Structure formats: structure tokens, C-alpha cells
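Enquirer: Here is what each chain is made of, one letter per residue.
4 protein chains.
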Amino acid sequence: MFHFESDYLEGCCPQILEALQATNLEQTPGYGEDPHCATAADRIRYVFDCPDADVHFLVGGTQTNVTVISALLRPHQGVLCAASAHINVHETGAVEHSGHKALALPSSNGKISAEQVREALEAHQRDFSREHMVQPGMVYISFPTELGTIYSKQELADLHAVCQKWEIPLFIDGARLGYGLEASGCNVLPKDLPRLCDVFYIGGTKQGALFGEAVVFSDTRLSDDFRYFIKQNGGMLAKGRLLGIQFEELMNEGLYFKLARRADRLADRIREALRNKRIPFLVINTTNQVFPVLPTEAIARFAAEFGFEEWQIMDAEHTAIRFCTSWATPDSAVDELVAYIENKL
Amino acid sequence: MFHFESDYLEGCCPQILEALQATNLEQTPGYGEDPHCATAADRIRYVFDCPDADVHFLVGGTQTNVTVISALLRPHQGVLCAASAHINVHETGAVEHSGHKALALPSSNGKISAEQVREALEAHQRDFSREHMVQPGMVYISFPTELGTIYSKQELADLHAVCQKWEIPLFIDGARLGYGLEASGCNVLPKDLPRLCDVFYIGGTKQGALFGEAVVFSDTRLSDDFRYFIKQNGGMLAKGRLLGIQFEELMNEGLYFKLARRADRLADRIREALRNKRIPFLVINTTNQVFPVLPTEAIARFAAEFGFEEWQIMDAEHTAIRFCTSWATPDSAVDELVAYIENKL
Amino acid sequence: MFHFESDYLEGCCPQILEALQATNLEQTPGYGEDPHCATAADRIRYVFDCPDADVHFLVGGTQTNVTVISALLRPHQGVLCAASAHINVHETGAVEHSGHKALALPSSNGKISAEQVREALEAHQRDFSREHMVQPGMVYISFPTELGTIYSKQELADLHAVCQKWEIPLFIDGARLGYGLEASGCNVLPKDLPRLCDVFYIGGTKQGALFGEAVVFSDTRLSDDFRYFIKQNGGMLAKGRLLGIQFEELMNEGLYFKLARRADRLADRIREALRNKRIPFLVINTTNQVFPVLPTEAIARFAAEFGFEEWQIMDAEHTAIRFCTSWATPDSAVDELVAYIENKL
Amino acid sequence: MFHFESDYLEGCCPQILEALQATNLEQTPGYGEDPHCATAADRIRYVFDCPDADVHFLVGGTQTNVTVISALLRPHQGVLCAASAHINVHETGAVEHSGHKALALPSSNGKISAEQVREALEAHQRDFSREHMVQPGMVYISFPTELGTIYSKQELADLHAVCQKWEIPLFIDGARLGYGLEASGCNVLPKDLPRLCDVFYIGGTKQGALFGEAVVFSDTRLSDDFRYFIKQNGGMLAKGRLLGIQFEELMNEGLYFKLARRADRLADRIREALRNKRIPFLVINTTNQVFPVLPTEAIARFAAEFGFEEWQIMDAEHTAIRFCTSWATPDSAVDELVAYIENKL
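Protein chains in written order, with the working numbering: chain A, 9 to 353; chain B, 9 to 353; chain C, 9 to 353; chain D, 9 to 353.
FYI, nobody ran anything at the bench for these hints, they're computed from the structure. As the structure is a computational prediction, the values presented were derived from the model and not from experiment. Note that CB positions come from ideal geometry on N, CA and C, so glycine has one too. None of the hints are false.
Restraint-style ranges between C-beta atoms, simulated for each label pair:
#1 Glu41/A x Asp343/B: 25 to 35 Å
#2 Gln320/A x Glu123/C: 13 to 23 Å
#3 Asn260/A x Glu123/B: 51 to 61 Å
#4 Ala169/C x Pro114/A: 25 to 35 Å
#5 Thr228/C x Ala324/D: 35 to 45 Å
#6 Gln29/C x Ser121/D: 43 to 53 Å
#7 Ser121/D x Thr47/B: 53 to 63 Å
#8 Glu123/B x Gln320/A: 55 to 65 Å
#9 Asp339/A x Asp343/B: 46 to 56 Å
#10 Asp135/A x Gln35/B: 49 to 59 Å
#11 Arg273/D x Asp135/A: 48 to 58 Å
#12 Arg273/D x Ile292/B: 50 to 60 Å
#13 Glu123/C x Phe136/D: 52 to 62 Å
Examples of chain B residues lying across from chain D (beta carbon under 10 Å, computed):
#14 Gly86
#15 Asn96
#16 Val97
#17 Glu99
#18 Val103
Work the whole structure out from these sequences, hints included.
Expert: Given below as C-alpha cells:
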């Protein structure tokens, strides 16, 4: 039985395993100060067209989020985000543990708007009791969002404009960045990203690496002393080159984007099959996550054939489930899934 | 030129790379809830003879220390440790960032004694102002220490007895645990360890793994909700099986100990060569780290032939340096180093 | 012009000033270990009929909340509360600064129900990703609430029952406790309170003292080492007797309750006058805060005669305002206000 | 029996009690935004000749220290201080609770030197592992120190010069500031202080107020958003005017300095009597604390006549004790103490 529960069920793409094998006995300095990290950072600066950006590598997403947020905020400040944001819901309060409030804005599709951010900032500013409240000090969005939706280039530009006007940074969590950039309908290019925010990260864990996230500071005033923060937050890998080696491969000849594109196209096939059966979706999206809403009674039978995640109980009779594709999903597994949808659902 | 600067200069032992290759396309649940982690934990419980222990896997040492300490202490409590302890010196204040004071005790060789701990606890208790002071809430030691020294079984038993009397836990940082257990003169066996402390960790990063540390709670009352803490502290690896796979291998047929033993014997050879030349040491030890004190003028010439770390300036004319051996050190590199010591130093 | 903006506009009730004068040259030990604190604690235990309770005195409300919450929660736990709770809105993120997430539940009148708490606890427990989420570790309510509403005895009993079933403490913020207990329609007696929660505090600042809040732990297992927490959170007043002296007076011959009762009755008069004019209220309550909703255009004229707080913009043409009465409100000021409402509003 | 245990055994100087009485029914806004705080701040700016300084009022010393330090440091930074510093020893780890390490420098008399600070900053800078260590981000000293010693103007100027060169702030804890400035041999004037550091506080609690500390930012770039920090750290008194009223009085016609001067002179008398009896001191100082070292066997008899604090066991037969004088110490009590020293010790 093939599993579609998540995009981190397998190891890593073969290129990375080969590179680990090939470099295994090299002797390099630790903590990210090795030639592989340097090359990987150069490739990222090239691919994302940000020659002056500061690039750092961390192990996981929660760690990356809390390290960046900890570096960007003063103690009395909080981070504006969607109520559904990973930092607000699924990081066991790591942001609060580091002392900051997640200032959640309502969202139905995982996104927040420039207008919401502007209103939150203005509301804080005009409140006579503002010193008794947490000051909004930055904005966090995920691209794609936790629901697989994406922002348009204009939406990002609008968000960034509000942030710049209020002089607070915009941070993009790109745990699944490639799946977003390669989604059909996405008009954001890699080279746009550094201009549309102040810091973002390129997710490796869910996109073909064993692990690893690359943080890119396009505003390098924000990364002052950032390596201290990485160490303090437990994200400084002793054998830091493992991160460098992986991103060297992912950023080599567009591998990162090829893997993501293929996964997105496989998800498109699943979406199309569902749509043809007039099955509704929790949310309309075009990335590697698919959220059909099914009659609850159909789920157990379905689950006997394919692995997927039960995402959300919608009502007494319907449940939203999630399928993820990834670099590791074979065409044949999608063939079988599509056939099941067409014939047995 | 061969490098002896640290024991994390290379990738990992071949068995682990092979296992990663062999399991790469397996589909497993994330976050450490996979069969490899289960097997690895079983093997650890077997090897360390603690059938009821609770075992968890994290990525790195600083992260492991701060996660354990965060789980064991209440906010008004601090952690007793040697002034030279890793948590007190080289973790960018991660323990303080999590809210706790490192209560440093003086130490010349990296070790602290049961007597020092007892005196600190009694001094706190009898102080009329104790409520204005940080309460000692646990004891942290490293085995071997940051200076490569080890505790005897009796010393550990004495430390544990004091802790038990005062009802505070004893935590052993085993970042280099194998090198300690296999050191000549060590009378502590793996099966002793769970009885000599309340929680310890088995270091992988510096002992042949790509990364990874296994925390063992012999006192399982202390590990309540520990997985929340791992997540909150950024240590819950999405592809948690990578940790399981590595410790499966390390705990298979004594690999962990064989690798450590070999490295210790290589270090013994370096030590002997230095001793024969009547070169003094910063500290007397028997593990994989060697700390000779050399005339400063001799160091540049030496460093042109071998990589090592300049550890500490002793006086105007002498400097302590550090050599580390590891699973990856070839015999031939030690042959050459010994020859240099014998003939050119 | 008389000001009704808040209940902390003046100094303190005359009895307290006299006591401060009378005791001024007494020499007493610091930090709350003086006879006045002991007597005040005894009086509180007597008045609230909790002979075994542990009583501590702190200076202010935010400090008290964060100190209690810090003592009750482990790092991975958060505090369930109303979205409008003081700790969630008006303490500049002090709770998050101490590492904990405020787990806000929706509320229209400042109250949360046992049912909401039960559902939140069950939802957490049944979530497969619960280790990735903040664990609800306690419940915070305010009595009366920030909107001046009160819980019935049954509502409190229901909340406490849920908490006891789930083995988490219930904490009542009583910044305005007296105004709640003396409100018309309140069926909670002082002696009920220790049985209806695990820890509560008796507000002094807003009820006739210069400052000061008395924390009462009816569950004394929760107050272990609490004095360390007071000190760590900056709440241990050097001249702690100032708190003892004030609560000695407030708890003497029912002064605390008499002052509150009088203020509530004055607020009742204002409410009645508004009701007679068919002016709607933001919320229906019976304590010392009154929240009429007025045509925005009427406010400036009103504000030229009386001080009040603009509380909330309701729509394009209406604004909710707040009047507070207190121990210091003269009858004549209420006479004038009522006359204005009757004749000029 | 008269008590000399501390300088906060009584209430407050009569002028303050009278002012509290006189202003009791005034209605003023809360949280320090009242006319009394404004006037008090003006008087402080005048007395300390710092017309552009930013002045804030908090309740207690620990709270003030942690609030200032929290505002000045980034998370990876620590505070350089004497090992005997109040923040390092007697604040229950409040600084660590806010996330920062106290970087303790050895000190025999409570003072640290510019040279020590310079060496610590340089050592950090030249360490290749500095990113693994806490970065020194500010310097904390107390004036007078916890041992009653004072810095000369030159020593302060030297400390400040080092701080300015390294671009880190110098913070002076002035819990007993007046006793220092009025000490015989002190060559620091009030108007010097703002030029010799970046932020300092003027202690009220131990110098005649009921409570209260006034923070003075001579470098106003450091006080940005400081009121948020006061609130977050529980230091924003609802009836903030109580702080304003007290400092209005203390800064009126030199009262603060007169009270301190008188206490210092009384301490001088005690010191002289001890010196005449050839009794040694724990530390040589000239402020309101006196630390004679007595034969332990003499202490119980002495303690039957006068209250003092047992400070430190020196050896098997000697103990250092502490006498404090204050605004409240009557001449007659010192007469009796001196007579006892002369005739019975």
C-alpha cells in the first residue's frame, strides 16, 4: 500500500545520497564553516538572484522559525500571522517559549492580506493602551501556506509594502517553497522572492533532502550575529556540511524545482480525478497537497487501499482528508490512486 | 595533511551510510514514531540493561542538553555543573535562554565531586536569603568531561547518592560516552550507567553517526510529556527515522563501542609518544582527546604537518593543544603523527 | 469635574493611610516576613474560611498573574482563558514573556464556560498531533470579568469540576473581587471561593488600597516554593509590611466588602438612570463598571462634564463608554451624573 | 532594642507620608502618566543636570534591574557584572529567567575595573568559538556596591570609556545611590552621573521612600518603547503617582541627599568606634553599611542588645556582621551602639 500521508515519509533523493557517499571521508571544519556550505550558499544567491544575501543553514522548520523570530523581535514585540500558521498551531508554543506572542489574524485559506496587517498595525498604534499590549514587530507568512495555497506576486508586494511602511520585517516560511513556486498559476519567480520579503527560508526536509532549511536574509541588517542565535537555539549542526552538501545538490541544475514540479503535477492529476467526480475540496489550491472532502463513511474503505491523513471533521457526515505527493511518489502510485478515485470512490 | 582538530570532521561510519541507502525508499511515519526508532530504543535498553527506560532521539548536543534541563527544572531552579561544563561555556547561553542559571562549581579537570554538590545544596538550604537565590534543582556532569577525563564508578555513585538524598536528578551528558566507557582505567560498564544517574544521553555525532543523540531516562518519572519538550525545543526531526536508523547500527553488535575503543587506543598511542618525549599535558586522561602543552614557538611548524586545535595559552611561552581521534582516524595518520612526535618535536 | 474613568484614580481609603501613619516607625523584617503580613493572612483565611490556605502578597495584578501562572505551568503548557482576558490582551505579553501561550477561547461577555474548557481539553487529548501543540495546563478566569460580569456559583462549580477531572488548576483573577462578591445577583460567598478554585487573588489596588494583591492558594500543593517565584518575578516588596498593613485594614470588620458594596450600589444608580432612558449597554452586569452605548455625537458634550473612558467603537454612529465607581466616589458625583443622564443625555 | 539589620526596616520619611495624605483624593490618570510623575522627573533632570534624559519610575530594585537589562540586550547577549552583584546572587535568577546570562567577573570588594571589562570583551572577540559563547552586551555595576564601596569618578570614567569604545551600555544600579554620593571621599557629584554611564537608577526604597526606583536614561536611544518593558515586567504601578509623589518629595530641596548624608555620618560614627577598638572590617567603605569582623563567640551577646545581620562566616572563630543606618536611625540608637562598642565589645 502506498502512503500519501505526508511529503516526508521517505529518505532523500538519490543525488543527495550519492553526494553524502562521495564526500564521506572528506575532513571539513564543523558548524557550517565548510566549503560545501559556502558553495550551497553561492548557488542559492545565484538561483534566487540575491548576490548580497546572507544565507544560513538549519536542521528543521520549527527551529528555523523560532531562531529567525527570536533574532528579529525585541521582547515586547509579537509576530503577526494567520491563525492557522504553523508557528501558532503546530510548534508546541516554541515562539512563546522564546518569549513572544503569536498575534493571530483570522484566515480561511491559510493566507493573510496586506489589509489585515495594515489594520492590525494601525489599531495598535491608535490604541491609548498600546503600551499594555504586545507590539506587532514582524509579519510571518508561509508560502505555500499550511493549506497548500499560494500568494500572488501582487499579494506579496502589497504585504511587503505595508511592512516597509511600518518598518517591520516580512518573513516567509518556505518549508514547501518549491511546491509553491512550481504550482500552476504561480506568478512568483525565485528571483522575485528576495525582493518581496526581508527574510525567507527554502525548505529541504519536505522537498527531497534528509533534512535542512536554508534561511536567506535579503535584508542583511537583520542577520547581524545570526550564528549566535542558531547556536543558542540548538540549530547549529556540528557536521554542518551535511546541510551544505544537500543544498549543493538541490540547487544544482534546478533539481529542487524539478522535484517540486513533478510532485505538483502528480497532485494536479489527483485533484483532477477528484474534480471529475465532483468531490468538493476543503480549499482550492495547486500545490502538492490535496484536501478533498469525503463522506465519512467512505473513508475506512479508502484507507484500506491508500495511506492519507484525516485532516478535519467537517460535519456529522463529511471529513476532509489530505494527500501529499513528493519527489518520492512514483507515477504508478498516482495511477492506482486515480483509478481508485475514478472507479471505486 | 591529516586533521585531528575534532572528532566530527568526517561524515559517518560506513554501516550507517549503507543503512541509509538500504532504507531510503521505505515509507515510515515521521517524528520518531517509526519502527527504526523503536528498534534502536530496544537495542539501547538491552545494551545498557535498562529494560524499563524511556529512550528519545534528538539531533544535537546543545539541543539535547537544553531540552532535558528545561524538562527537569522549575523556573526558580538552576543546574549545578562544573565551571568548564559545555552548558556553561559553549552553548551560547542556551540554558539561560530557557530561563535557568548554570550554577558553576570550580573544577580543574572538568569534574565535580559529590562533596562539592553536597556543600552547594547545604549552603543553599542554610542561607536565610535562599528565596532570593536560584535553587539548585539538578546536577549536570559530562562523561567523559570536556577535558576528556572520566569519573570512576565510585565517584558517580557518590554523586548520585547526594542527588538522591536531596531528591534532585543527576543528568550525564554523554556526547562522547563511548570514548569514556572504553577508556583504559574506566571501571564503569554500560549497564552501570542507568543505575548511576537519572537520565543520560548517548552521543552519536562525535562517535560515528552523521548526527544524533539518544536520551535515556532511567527514572521515567522525569520523562513525562518529554516529546512536547523535544518539539518545543526544535529537536523533533521530521524524518525521525534517520536517528533510529543510525542508532540501530551503532547499537548493533557493539559497533558503537568498537569504534570508540579503537579511537581511544589510537589516542593512547599519541599520548605515549608525547609522554616518552616528556611533554607535559594540560590534563591526564585516557579518552580520545589528548592535550599536550608545547612551547608556543614549536606550534607553527607542527601545524604545517598536522591539523590540531590550539586549546589554551598557558603562559608566555607555552600553549596547550588538542588532538582528537575518532572512528575515522586511519592508523597511518597516527603512525605519521607518532613519528613526527618522536623525531621532530 | 469628577472622573469615572477607572477605579484607581485616587490614593487609598483613610483607614489605610492612618495605619501607615501609625506604624511608620515600627521596625520589621522585610520581604513579607513581618507580623502585619502574618495578621493579614490570618484575617484572609478567616474571612474566606480557608484555615489551611497559603497566602502571599504581591504589588500589582500583571505581576501576580504572571507569577502564579509561572509557578503552575510546565514549559510546554499554556493557560486557557477568554479571548478578552487581561492576561491575553492587556499585559504586554507578560505570560508569553515567561514562556507560555495564552490559549484564548471566544467569549462575548468576558466569561468562559465549563463546556468550552472541557471541549478544549478533549480536543487536545484526541489530536494525533497533540505533542506539536501547546498542552492546556490550567484555566484562568477573572471574577468579575474585564467586562464587569460575574459567574454564578454553579458556573464556577462546573468549571472547577472540569479542571479537577482533568487534573489542572483553576485560577481566579480577583483584581476586582469585592465588586463581584457584592454585586446584586451574586450568589457566591467569600467562603465559597476557596472551594470553587485552586488559587485566587484578592485585588487591593482597585478596591481601596494604594496597591497590593493577596494570592490565596486553597490547594497548597501548588504554592511550593512560591516565594522564590515572587522574588524572581520582581514582586517581593522590600518593605513587604506595606502589603500586610493594607490587607490588615481591608480585612478588618468587613471594610473590603463595605467599600465594594457601596461602589456597586452607586454603579446600580448609574445603570438605572441609563436604563430609564432606554440607553443600551455593551454588556449586562451588576458590578462597579457600567458600559452604556451612546450615539458618538453625544460623547464630546458628555465628556465636557464628566470623565469616563471611551471603551469600544460599536459602529459608525455608536460608541461604548465606561464609568467606574469606587470606594472614593462621592454620592454627590453620582447625583450629578444621574441628573445629567436624566436631563441632558 | 534597636535594629540595624537593613535600611528598609521602617516606613518612610515624614515628608512623603504628608504628601500622600495631602494628595490622597486627587484624581489622576494611572500608570505614571500623572502630573506628579512629570514633576518628579523634571526635578530629577534638574538635580542630576540631564535636561534631555528619559526618566521612568518602577516599584522595586530586582524589577528595575531585569526590566532595564531586558530592554538593553538581545537574546544572545549577557551582562558583565561582579560575581557579588545583586543580579548575580540575590535576585533568584531574574536575569536568567528573562533569558540572559550574568557574566560574572571576580571581585573582592564588590567593584569591577575597566581593565577587567576590557579584557572580557577582548577575550570574547578573539575567541574562535565566540559564536558558541554568550556575547557580552552591557556592563552592570552598583554604586555603592553590595559591600558599600564606591567607585571614584576616574574609575567610572574608565569603565564608561571602555563601554563606549565597544559600543555597549553601562548601567549603574543605584539602589543606595544617595549613600554613595554623600559618602566621605566620594568625588562623584549627582551631575556627573549621567555623563559617566548610559542609564542608572536612583533608589528610593532604601533611602526614605516606601518603595520606588527612578530609572534615568541619559542615552535616550536606549529607552525606546521602555514603557512596554515596564508593563511586561510587572513594574507599571496602576497608581503610578505614588512613585511620582515620593520622588517629588525626595528631590525637593535636596531631601534625598540630606537623608543619605545623615545616615552616612551615623555609619561613620559606628565605623570610628569599631576602628578605635581595632576591630577589623570585611571591607573598607564609607557608606551606610558597616561590616566589622568579630569573634563569633561575641556575637550572641551583642545580638541581645542590638539587631544586625550575620553576613559571612570568615573562619572557625570569626564572623562578619552588618550594620545599616538609614534616614530612620535615631542619633540615640547610634549613641547606644557606640557606647556598647566602646565599653562592652
